[in-house]
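Q: The lines below spell out each chain.
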Amino acid sequence: MTTSSTSSGRNAVNKPMELVDRYLQAVRFWLPNTHKQDDLIAELGEDLRSQIEDKEAELGHPLDAAGISEILKRCGMPMVVAGRLGPKRFLIGPTLYPVYAFVMKMVLLWILVPVFVFIIGPVNFANNGHDWGSAIGTTLGNLWAGLFIAGGIVTLVFVVLERTQAHVGGPMTCANWDPLKLPPVRKQARKTSLAQTVCELAFGVIGIMWLLLIPRYPVLILGPAAAFLKAAPLWHTVYVPILLLGLLGLLRAGIILARPQFTWFPPLGELVQGALTLILVNFLVHAAGQTPNGDWHPFVMVTDAARHSAQYVKAAAIVNVSIMLSLAGAWLGLSIALAINVWKLLRSFRKPSSSAGEPASLHA
Amino acid sequence: MPTSIDNPEIFENLRLELRRGCLSLAVLTQLRTERYGYTLRKALADDGLEIDESTLYPLLRRLETQGLLVSQWREEDKRNKRFYRLSPQGVEILGQLLSEWQKINSSLSKILQEA
Chain A
0 MTTSSTSSGR
10 NAVNKPMELV
20 DRYLQAVRFW
30 LPNTHKQDDL
40 IAELGEDLRS
50 QIEDKEAELG
60 HPLDAAGISE
70 ILKRCGMPMV
80 VAGRLGPKRF
90 LIGPTLYPVY
100 AFVMKMVLLW
110 ILVPVFVFII
120 GPVNFANNGH
130 DWGSAIGTTL
140 GNLWAGLFIA
150 GGIVTLVFVV
160 LERTQAHVGG
170 PMTCANWDPL
180 KLPPVRKQAR
190 KTSLAQTVCE
200 LAFGVIGIMW
210 LLLIPRYPVL
220 ILGPAAAFLK
230 AAPLWHTVYV
240 PILLLGLLGL
250 LRAGIILARP
260 QFTWFPPLGE
270 LVQGALTLIL
280 VNFLVHAAGQ
290 TPNGDWHPFV
300 MVTDAARHSA
310 QYVKAAAIVN
320 VSIMLSLAGA
330 WLGLSIALAI
340 NVWKLLRSFR
350 KPSSSAGEPA
360 SLHA
Chain B
0 MPTSIDNPEI
10 FENLRLELRR
20 GCLSLAVLTQ
30 LRTERYGYTL
40 RKALADDGLE
50 IDESTLYPLL
60 RRLETQGLLV
70 SQWREEDKRN
80 KRFYRLSPQG
90 VEILGQLLSE
100 WQKINSSLSK
110 ILQEA
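In order, the protein sequences belong to chains A and B.
Numbered according to numbering that gives the first Met the number 0, the first sequence spans residues 0 to 363.
Numbered according to numbering that gives the first Met the number 0, the second sequence spans residues 0 to 114.
Simulated from the structure, these hints should not be mistaken for laboratory data.
Predicted model only: the values in this text are computed from it and were never measured.
Don't be surprised by glycine CBs; every beta carbon is placed ideally from N, CA and C.
Be aware that one or more of the hints could be misleading.
Claimed, not checked - Among chain A residues calculated to face chain B with C-beta under 10 Å, some are:
| # | residue |
| --- | --- |
| 1 | ASP63 |
| 2 | ALA65 |
| 3 | GLU161 |
| 4 | ARG346 |
Unchecked claim - In silico DSSO-like cross-links for lysine-lysine, where the CA-CA straight-line distance does not exceed 30 Å:
| # | chain 1 | residue 1 | chain 2 | residue 2 |
| --- | --- | --- | --- | --- |
| 5 | A | LYS54 | A | LYS72 |
| 6 | A | LYS72 | B | LYS102 |
| 7 | A | LYS35 | A | LYS54 |
| 8 | A | LYS313 | A | LYS229 |
| 9 | A | LYS14 | B | LYS102 |
| 10 | B | LYS41 | B | LYS102 |
| 11 | A | LYS72 | B | LYS109 |
| 12 | A | LYS87 | A | LYS104 |
| 13 | B | LYS77 | A | LYS87 |
| 14 | A | LYS313 | A | LYS343 |
| 15 | A | LYS180 | A | LYS313 |
| 16 | B | LYS77 | A | LYS343 |
| 17 | A | LYS87 | A | LYS14 |
| 18 | A | LYS35 | A | LYS87 |
| 19 | B | LYS102 | A | LYS54 |
| 20 | B | LYS77 | B | LYS41 |
| 21 | B | LYS102 | A | LYS313 |
| 22 | B | LYS41 | A | LYS104 |
| 23 | A | LYS87 | A | LYS72 |
| 24 | A | LYS180 | A | LYS104 |
| 25 | A | LYS35 | A | LYS72 |
| 26 | B | LYS102 | A | LYS35 |
| 27 | A | LYS35 | A | LYS14 |
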């Protein structure tokens with residue numbers, strides 16, 4: 000046996016030069032196993048031996064383990080030296096990396112999260128017997144796994160692209176790009192008031208919290224009338240869509256805040272949200288028009304305890320009519336707003352992209 | 000505003016950046032005469048340009064892959080050593096690089112004098 004363990008964790012050295020072999024073995028371990036490995040190790044070994052020889056000639060006696068150890072320490076940790084000696088390796092290179100980051104952001108933030116919030120979440124809610132807690136828990140669990148899987152797949156695709164492009168010369172080569180294909184200069188970002196968007200976000204969050212609390216605390220919407228009125232079954236049907244609309248509003252405000260340069264987004268977002276709200280209001284008005292039993296209490300009903308009080312029944316009728324009138328007014332207002340937004344959006348698409356200060360086209 | 004004294008990392012990065020191009024030029028120039036790795040490092044160090052093993056050998060590999068150097072394993076003093084020298088293409092490129100270096104050097108001297 001040439002080595003044995005000591006209490007300090009060091010291995011005993013019988014021949015000082017053996018340290019060089021140990022060092023080279025450690026460097027070899029971290030080097031990629033290619034045909035160049037032996038070459039690199041042989042060359043590094045030769046360099047180290049030359050250094051030792053020079054030092055011995057200078058001192059006039061052979062170096063001991065400590066002296067050799069000093070030279071090896073100066074050379075560097077085997078792992079670090081191997082990292083520098085070996086070829087520079089990366090999974091995704093600098094050419095593809097910006098595209099990779101962009102696609103990753105698109106897939107995770109703008110596709111996966113909305114899919115979970117607007118599709119998987121409601122499905123989980125329905126499958127969990129309308130239990131919010133377990134639905135949110137299941138959705139978050141699924142989302143977490145989904146983020147990892149989607150991230151992994153995107154990375155894998157780009158690693159394959161990187162490898163294939165490196166060998167066959169893909170479309171991203173510098174010679175292939177054409178300045179004429181660059182997108183036109185962006186129009187000046189619309190001056191969407193920051194304060195307005197922040198307020199929209201803040202009140203949106205408060206609104207969502209309020210909506211979430213209503214099923215448990217009806218007093219938050221009915222006030223003192225909660226003592227004798229309760230929500231009609233219709234609200235159970237539209238509760239989740241209303242909540243989703245609120246979340247959509249938050250998302251819209253968030254995007255406007257994070258990406259003010261997306262000048263196309265605010266009118267489009269308004270249009271989509273307006274259209275969805277109109278569909279919901281239309282559904283409410285239509286559903287309220289149905290009177291299956293001849294009783295017309297589509298929005299609020301008198302509680303069982305107060306059912307026999309004519310005064311409360313009359314109050315419920317007044318509230319139902321008021322809500323119906325408000326919804327009709329909202330339907331009219333939303334229809335007008337939607338028509339205006341569609342017109343604005345169409346006008347912005349038709350408008351030529353050139354604006355003041357923008358250089359004229361060089362081509363006839 | 001942080002200065003290089005506050006942030007030695009900035010200075011170190013710029014220093015390495017400055018050195019990187021110069022090292023290739025220095026190595027090519029030294030290899031007009033055939034040398035093996037250790038003697039090349041020694042020659043550079045003697046002229047004031049220290050370079051460690053893990054920087055020199057990858058640089059030599061790169062220059063050889065680019066066709067600027069040729070190498071050969073040979074026995075000397077009972078040990079195998081890899082000897083490097085400039086290839087004909089390397090001689091040509093070195094000439095162009097040295098002329099570029101002269102231009103940069105004279106421009107920089109001019110700029111420094113004006114400053």
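Q: Assess, step by step, whether the Cα of LYS102 (chain B) is no farther than 30 Å from the Cα of LYS313 (chain A), and give holds or violated.
A: violated, 97 Å
Q: Going straight from one Cα to the other, do LYS35 (chain A) and LYS54 (chain A) come out at no more than 30 Å?
A: holds, 29 Å
Q: Given the proposed pairing of LYS41 (chain B) with LYS102 (chain B), does the C-alpha separation stay at or below 30 Å?
A: holds, 28 Å
Q: Can you confirm whether the C-alpha distance between LYS102 (chain B) and LYS35 (chain A) stays at or below 30 Å?
A: violated, 38 Å
Q: Hint check: LYS35 (chain A) vs LYS72 (chain A), CA-CA at most 30 Å. Holds or violated?
A: holds, 24 Å
Q: Given the hinted pair LYS102 (chain B) and LYS54 (chain A), is their Cα-Cα distance within 30 Å?
A: Violated, because 40 Å separates the two Cα atoms, which is more than 30 Å.
Q: Is the Cα-Cα distance between LYS77 (chain B) and LYS87 (chain A) 30 Å or less?
A: violated, 33 Å
Q: Take the C-alpha atoms of LYS87 (chain A) and LYS104 (chain A), compute the straight-line distance between them, and say whether it is at most 30 Å.
A: Between LYS87 (chain A) and LYS104 (chain A) the Cα gap is close to 27 Å, so the pair holds against 30 Å.
Q: With chain B as the partner, please determine if ALA65 (chain A) meets the hint condition of a C-beta pair closer than 10 Å.
A: violated, 20 Å
Q: With the threshold set at 30 Å, check whether the alpha-carbon distance from LYS35 (chain A) to LYS14 (chain A) stays at or below it.
A: holds, 28 Å
Q: Was the hint right that ARG346 (chain A) lines chain B, CB cutoff 10 Å?
A: Violated, about 48 Å.
Q: Would you check whether ASP63 (chain A) satisfies its interface hint, that is, whether its CB is within less than 10 Å of any CB in chain B?
A: The hint is violated - ASP63 (chain A) has no Cβ within 10 Å of chain B, the shortest such distance being about 21 Å.
Violated hints for the displayed structure, listed by number in ascending order: 1, 2, 3, 4, 6, 9, 11, 13, 14, 15, 16, 17, 19, 21, 22 and 26.
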